[in-house]
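Dock chain B against the given chain A, drawing on the hints supplied.
Protein chains: 2
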Amino acid sequence: MSENRLIYLPLGGAGEIGMNCYVYGYGKPGAERLIVVDMGVTFPDMDTTPGVDIIFADITWLKENRNRIEALFITHAHEDHVGAVGHTFETLGVPIYARAFTANIARGKLAEYNVEGKAVRTVSKWPETVNAGPFTVGFLPISHSIPESSALVIDTPAGRVIHTGDFKLDTTPLVGEAWDPKLWEEVSKPGVKALICDSTNVFSPHAGRSETTVGPAVEKLVSEAKNMVVATTFASNVARVKTLAEAGDRAGRSICLLGRAMRRMIEASVETGVLTGFPKVIGPEDVSHLPRENVMLLVTGSQGERRAASAQLSRGKYNGIELKEGDLFLFSSKTIPGNEREVIRIMNQLSEKGVDIVDDSMGDYHVSGHANRPDLETVQNIVNPQVVIPMHGEHRHLREHVRLAEKNRRAGVLAVNGMMVDLSGNEPRVVEYVETGRTYLDGSVQIGAMDGIVRDRIRMALNGHVVVTVILDEQDEPLGEPWCDLMGLPEKGRSNAPLVDVLEEDLSQFLGRAGDKVRTDDDKLEEGLRRVARQTSLNEIGKKPEVTVVVSRLS
Amino acid sequence: MSENRLIYLPLGGAGEIGMNCYVYGYGKPGAERLIVVDMGVTFPDMDTTPGVDIIFADITWLKENRNRIEALFITHAHEDHVGAVGHTFETLGVPIYARAFTANIARGKLAEYNVEGKAVRTVSKWPETVNAGPFTVGFLPISHSIPESSALVIDTPAGRVIHTGDFKLDTTPLVGEAWDPKLWEEVSKPGVKALICDSTNVFSPHAGRSETTVGPAVEKLVSEAKNMVVATTFASNVARVKTLAEAGDRAGRSICLLGRAMRRMIEASVETGVLTGFPKVIGPEDVSHLPRENVMLLVTGSQGERRAASAQLSRGKYNGIELKEGDLFLFSSKTIPGNEREVIRIMNQLSEKGVDIVDDSMGDYHVSGHANRPDLETVQNIVNPQVVIPMHGEHRHLREHVRLAEKNRRAGVLAVNGMMVDLSGNEPRVVEYVETGRTYLDGSVQIGAMDGIVRDRIRMALNGHVVVTVILDEQDEPLGEPWCDLMGLPEKGRSNAPLVDVLEEDLSQFLGRAGDKVRTDDDKLEEGLRRVARQTSLNEIGKKPEVTVVVSRLS
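In order, the protein sequence lines correspond to chains A and B.
Every letter in the first sequence is one number past the one before it in this note's numbering, and letter 77, counting from 1, is 79.
Every letter in the second sequence is one number past the one before it in this note's numbering, and letter 234, counting from 1, is 236.
Pulled out of the complex, with its shape left as it was, chain A reads as follows:
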């Protein structure tokens, strides 16, 4: 009979930034009791996922092992850690544990699916713990760019594991708990089997800066501004929002929050007690009653999101407020790779309005929420684990993080999504490859990344679409001519006649030539018509469109 074992299995986040979802198990091989850490989303883009609303890890493996799951733990309230709790609840339906602020946000996600708030159980910080099957789990405070971010201290019969979640080392984070090396030393003292560690900033060579370093630059900027000031940052970065608001307040400006997420996050922070002393805010309807130099707007959309307040303000009015020549717009943020085009578009639209733009490249207006390379080394030295397993990062980050560990003579394991690692023995090893992937929320339907649905959309976007319609009578003779409807294709091509006419002519000739064998066989007929439509298009316009053939038989 085989021994119990302790396993680690990333389903999302290990090989990408975003979509975090990790599994730990303890028990007999194949019958381990399981806990899940985080259930996050990642965001679609036009290149690979047009029309998709949101993306999260394929949880087929969890669904198949539903009876073995004890609980889901959420480390913090960023979308890439909590965003999919609502979308997956019907499938999993396990108890969810989180600290107060995170629980507040998670309950909001569940409410969208009419799931009651009690599905989420609020846990206090370490040393409080939760028992979940063979696991005892505690929330160990750590600083990050959102309140109450926590590492998980996961105790198992095979030893203690620390799962860092996302973190930075900030002893003065302004809101939420500071990095407390003494506490971490104490928790690590009994010995730590594995440190599962955030990797996103492993290529940043210098130690990270504290949140407090942002205030002075912002304060100077805002106090010197002559007209309206607008600042954008992630709404969930409550400390930053507070810094911005206080700078405005001290400069004699009334603060107005714009954007649903901005108001939601501040509300959640106040409700759960993580935020106090936030300056009084005014509603958008009050802005027009004040001189422009007495107003500061704090707005969503630092990543250029089309529907967020920043984008709307750059295009025109939002909530009745319009920016004007001489106003100042501060990006207290860093553009996430991939969002450059959208952010730059907003900057240029603001420039056209005569608005002055300030961003992180022009001063100390932003700090990262993640641990840089030296910070990772600091944590590894304090925790002193038997093995470091990098998580939350692209392949290049995980690989570099393993190298960093090895440079410091620690064991490191590169485990990407789907690799099940057995942590029980002295040498961790990959014991199984689980099929993983991505699930797309598309409108109200969850579809698989490999279903071909999005692939077809991409093809239509690249190639255009032709619908060919043919009617055959009872004797399989064409009734009238075939005809075509085009979408996303030029009207005219090489021969300077309408493309639709050239296509119909060629299809008609094909039908005239086609023998009984083709005319009586739907597949052959469709295949032939499709081939002609594509070839004629290639000749005329230099590209082969997608073709839908509709054959109607009166028989």
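Source of the hints: derived by calculation from the structure; they are not laboratory data.
Check the hints yourself; a few may be wrong.
If chains are identical, the list can't say which one is meant, so a pair holds when it fits in one copy or spans any two.
No more than 30 Å apart at the CA atoms, straight line, and that leaves these computed lysine-lysine pairs for BS3-like [unchecked claim]:
#1 K546 to K184
#2 K526 to K494
#3 K319 to K355
#4 K355 to K409
#5 K222 to K336
#6 K545 to K282
#7 K409 to K228
#8 K326 to K409
#9 K127 to K184
#10 K120 to K222
#11 K409 to K191
#12 K545 to K65
#13 K409 to K222
#14 K65 to K494
#15 K546 to K319
#16 K319 to K545
#17 K228 to K282
This structure is a prediction, so every number in the text was calculated from the model and none was measured.
Frame of chain A, contents of chain B only:
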């Protein structure tokens, strides 16, 4: 009778980076004789231009004024300055002037349209000049990231104008002519009416670095590498390619050029004499015969282009060559904003192969080809023009560049695409707004950005597509049921039945209910069927697809 005037009219490049196309005119208002400077392209993206091959300025205005155009001058051989000479030649057909290297590249573009090479006339550098109607134009050497980049000295009866083209201030550019402040002083001495000046790097606060600063870091990296080395940069950056090749050569490595553009650019450089002493190269078929540590590949695709050598090497074999664990891949380049996702994808694929990646963030492996803020000031001080008109930049760059000029007590004019500026008097002023836009090369057809074709493709990509087919008999009664073909849509929705069945059922019911007025009217019938298809889809899958309705009448 009105006076002659000197006009400046940007058609592309003023309000964007890329797609440069500028017009100068001299003569009676509305009858000025014209010259065109540059005819470049910009690149499509999936967000806004799916399926498009290349983009250039809408030249409708030039076509309408074809008889007034004397010539087209090309400042240098980058795609965003020369890329559209072939695509527009049939429309414009004016003489093209360029220096030898640029002319070589331009002739290649024309050859794709079977236009003879003599359409391009080779001009030597300043003090040689070309007469073009009222203009006398000379090519004033200036350093940039491609050989023989030149500013244009444009003499007119209303005074001298200098159009910088793209440039940097490099006194040691390695290949091509150095920045020569003495020469520029001399040319500026008679007085310069207007300086039309590159703006892309106006936000870069420090003086630019010389091309020579790249060599030492590359040489150290390559000499210490243990296995195969691959380096990518823009093929047209001949100096950089030479630096990379020499570093490889000195480290005892054979050089192999991969990618069509890489070979094309080196050939053109050798043919026109701008490049000498390039190390001997080997063909891809010889690579396998050599030890990996004796090979260095110089490859295209630094911006992550899907079909270029870098991307293909990251995915698998290219020309029989495959990268392996421990190889080194150097990005001697900067990722252009908007290309991050593609470049990062390649980096991660290389990381999966165990290839070590080095980029500009890790050392001095790249320098920009454009003048930074202090460099712009240097040129403005030397030229000392009556007015600075920023070109080649997004709106935010042009605006900042005007501010920079004004800070130094110079007049600056913010003129974006379509603004015609009269430079004749002492105060330049906008005298006309010309309609401008973008032309898409789509397969072999040129379409307008506003034609709605690409918009329809984007809609299909976001929403999916439904084809509804209905046949009506001679009495306008439905013959059989309506049916649907779906593309890019989920198979099942809310009711867990196939979406196509639910749609056909609802459409059938609609047809059954529809009165004579609807059934006999194609527009009403189509409108009704479309509405039902969209509403049913919304209920089932939470999104409204694009719908094509095909009504066939047997009458």
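So, going through the hints one by one against the coordinates:
1. K546 to K184: neither (65 Å within a copy, 56 Å between copies)
2. K526 to K494: Intra 29 Å, inter 28 Å, cutoff 30 Å: intra and inter.
3. K319 to K355: within (12 Å within a copy, 50 Å between copies)
4. K355 to K409: between (52 Å within a copy, 20 Å between copies)
5. K222 to K336: within (20 Å within a copy, 32 Å between copies)
6. K545 to K282: neither (59 Å within a copy, 40 Å between copies)
7. K409 to K228: between (52 Å within a copy, 18 Å between copies)
8. K326 to K409: Between copies only: 22 Å across chains, 54 Å inside a chain, cut-off 30 Å.
9. K127 to K184: within (16 Å within a copy, 70 Å between copies)
10. K120 to K222: Result: close neither inside a copy nor across copies, 45 Å intra and 61 Å inter.
11. K409 to K191: Within one copy only: 23 Å inside a chain, 61 Å across chains, cut-off 30 Å.
12. K545 to K65: between (43 Å within a copy, 27 Å between copies)
13. K409 to K222: between (42 Å within a copy, 22 Å between copies)
14. K65 to K494: Between copies only: 20 Å across, 52 Å inside.
15. K546 to K319: Classified as between; 27 Å across copies, 42 Å inside a copy.
16. K319 to K545: between (41 Å within a copy, 27 Å between copies)
17. K228 to K282: within (22 Å within a copy, 62 Å between copies)
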